[in-house]
Amino acid sequence: MGRAPGPVLGIETSCDETSAALLDGDRLLAHVILSQDVHRVYDGVVPELAARAHLRVLDDVVAAALEEAGLRLRDVAVFGVTAGPGLIGALLVGVTWTKAVAWALERPIVGVHHMEGHLFAASLEDPDAVPPFVALLVSGGHTLLLWVPEWGRYELLGETRDDAAGEAFDKVARVLGMSYPGGPPIERAAATVAGDPYPFPRPMLASSQQPGDDDYYAFSFSGLKTAVRNRAEALDAEGRLPAERDAVARSFQRAVLDVLVTKAMRAVEEKGCPRVLIGGGVAASRALRDALRDALGEGGRLLHPSPRMATDNGAMIARTAAFRFGRGDLAGPDLSARADLPFPGLVRTR
Amino acid sequence: MIRVAIETSTPFGTVAVARDGDLLAEVGLGVQRRHAEMTLPALEQALAEAGVDRGAIDEVVVGAGPGSFTGVRVAGATAKGLATALGVPLRAFSSLLALAAGVASGGAVCALLDARRGEVYAGCWRIGDGAPAEILAPIVGPVEDVIRDTTTSSPVFAGEGADRYRDVLTRAGGRVMTGPVHPRASTLLRLAALDPGSGRVPEPSSWEPLYVRASSAERGVAG
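Sequence lines, in order, name chains E and U. Residues 1 to 350 (the numbering used here) are what the first sequence spells out, left to right. Residues 1 to 223 (the numbering used here) are what the second sequence spells out, left to right.
Isolated chain U (complex conformation) (with noise of 0.2 Å):
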């Protein structure tokens, strides 16, 4: 089972190929904002790497967001038109996801992105040897809120969102992992081979990024 996947939520996007549970390639995109001129030729590095032709990719992998609006369409075009050329299945992981199974923790792990506006985009997740468990779904919203709904879980904050709220949370008695992480496309692999029924997308042609935002257009008008 030859699986790519595709992340390009945030500035630092990835793509990566592996062989049922074995990553053979990751490929940073290097400079922000070329992701749409960067995603294809890195895959296409990634295979040569790999030694996989692009025929005999089985499984389309996609960071589904939320993050950069752009970023997670770029991504999200790219798996659609690659899974329905393909003919081959497509399966889609939040990127939160991806970033706070990226942690190597035991315990509960809340990812945290900027939204900018004063909000993070969060979700958490109890990450341990088998599947993810689910904690908080992605959300938008004031990092104190996001304090709020995991006190229970008392989990250890993770990103770049947590690295811009780190006076906030530590304030609040909240850990906050030290270093930088990511979504990466290794890690939303890994979740694929963890368990073959996560993240199956029933309809592919129809998908959606999970932008979790409202436009700002949709927002003035609700609002």
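If we strip away everything but chain E, and leave its shape as in the complex, we get (with noise of 0.2 Å):
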């Protein structure tokens, strides 16, 4: 893999974190995220101020990350930028104001898939955390099974065919009353609660499939969320809800990892690879860390970011613009965001 001739600055704007990293080869030497907290009020991300919020911050944001550093913007090599998928308003700040810093000051730009960033984000803590590895990657957008044997080499086993993991736990503690994002809420509500006192359907998952069969990889949420509310509406209307709250919430909860660990577990039987990488958001779930390490057992190896580094973050985007920078894969002055940024690397084999 080719190297950065110096300094690579990550930036990242695709949901509500406007994120800054500097990456000198393995040292990370500058790390800064702010968390828009706007969209609080909201209870979900307002696409419209998520945007405003970028464009007002970015500039501050690169210059902590830089004075972190001790470095000055023209001691970057390498401009990295998530490009998509994402909110489209939100992509285009970061895309536009730097191309147009790369640009002024002569140097490469990456366009960087954000997906691909949740990818290296472990790696950045765990020397470890390289391929092969068999990928989840579950956030609020995303829900992705890949078995990744090297960098840049990412075979689609599963995704989700219609909610997101992560949205289905914003949306589920919105029924339940519970804060936006929904993961750290419902995670700490069902710690109080033992076993699973309303066990939901766990969908696209049953004992007979078969490897090869369309679903025996696909993952599913929407229904469960359905399932959820109805459940919570039953309780609501015998007054029990409040009562039951954290029960309700502790089952929803071993639904979706129990679809999540059980699909990664039949990648790791199908490709003789007991290594499990976890990104993006839902991998700082404690819950779902633990119930993958249980299921892999002694042999296996987990690897994981940490809490800081599965949110969005621009460290991740660093890391794989130097990635992709080695690989030659540089975008020119008219790069633009894509909300649905074909994942680069990317193979369909079923």
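Each hint should be verified, as a subset may be incorrect.
[To be verified] Derived CB-CB ranges, DEER-like:
| # | chain 1 | residue 1 | chain 2 | residue 2 | range |
| --- | --- | --- | --- | --- | --- |
| 1 | U | PRO41 | E | THR192 | 54 to 62 Å |
| 2 | E | THR226 | U | GLY179 | 51 to 59 Å |
| 3 | U | GLY128 | E | ARG338 | 52 to 60 Å |
[Unchecked claim] Residues of chain E clear of chain U, computed beta-carbon distances all greater than 12 Å:
| # | residue |
| --- | --- |
| 4 | LEU29 |
| 5 | ALA77 |
| 6 | GLY239 |
| 7 | LEU346 |
Don't read these hints as lab results, they were simulated from the structure. Here a beta-carbon is modelled for each residue, glycine too, at the ideal position from N, C-alpha and C.
Since each chain sits alone in its own frame, please combine them into the complex, following the hints.
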């Protein structure tokens, strides 16, 4: 893999985190993440507000990262920016700003795929987090199960057919009157209850499924969300929802984790590789990490980012940009953002 | 003094380069909805036509909006990035002023852009040989409000918003410019040269476009 000839600045603005990081080789020199809190008022990310906030703060976020690293903007050798997927208005702020800076300084620029960034996140903290591995990328926008024999080669095993896993957490949290984002409050509530008090259906999961079946690796969380809502409404009608809220959260989380873990373990078995890497916002879930570690057992290895590196961040974008730069995957001044940017190197084998 | 200007608040986007008061090149962005992609290549082309190196840019001028939310951010993010990277001042003028100042009038001009939902973005200035004098600061609202707020200055109405509401304006006794007028980067450069003190942005890093209209989420909560 070719190396960047100096510090790489990674910029991330695909959703509601404005982030910048400086990476020099394997050394993370600086990393600033500003989470927009304006969206809490609305129980979810408001795209227009996210875009406005990115433009308001991006210069200052980059300046803070440069100061932390003791560098000036013109010391940056390569610029990397998330070009998609994500909220188009939010992405465009990062892309147009970074393009202008790189162009003004006559430096190369790399447009980075946000989910490839999540694949690289764990490797910033764990030198062992390199392929081969089975990758489970779970966030508010995506649920992807990949086989990664080497960087840049991604075999898509399964993805969600409707809601992403993180999205299901957010929606269920709203049904249960919990705060946004939904993962942390559901995990806290679930930890106060034992067992599986309200066993919900495990979507796309049946013991009769065989390798090669369409749904063997596929995910679906929309029906589960509806089942939770129906249960919550029934409990509410009986005045029991406040008392049973944590139990419902517990069973919902168990259902999601069961599906994620079972499908990841099917991939482990098929590929004969007991290494699972997780990435994306849901990778911050301790319950998910514990469940995967249990499933992998003694001989297996769970590779995961810290909660800070699991969230959307500029460090993973810088890391991915360095990899793509080494491959010669450079963008020009006509780089744009795409809400549905295709995953580079992704192959669908089924 | 080399200045570059970026104006992408409407589908008719332009970039331009000037030396002092002289326009050296102006390039249109062409296809609608591709401003994010085309702004920098167009600027590259304008500089090439002008025979100016990007490192020679002394000042960046931006059309601040209002207009398309995404459009004003494309101009804003590009201008902020250029000013930051080159270490040069950023100057901002309302895109409505760029529109109004593009009209040869010698009187009051009211710039109107269609803001959809039955509303217009409007701003009015007295345009003469010197610096424009503001009559109505940029607002968003029904065209009837604009007519009411400008009766004493009896302006000429210009811009695609004036075309859209030509009948209403004419019925109310307003004069409407014929032919299309747009905010242009070249007009921004003329404004910047006219009064070197105008439009200065004291803290470019935290500068934001002139959206005028709140996001729909905020309006929902407020109302």
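Where does the structure disagree with the numbered hints, that is, which hint numbers, in rising order?
-> 3
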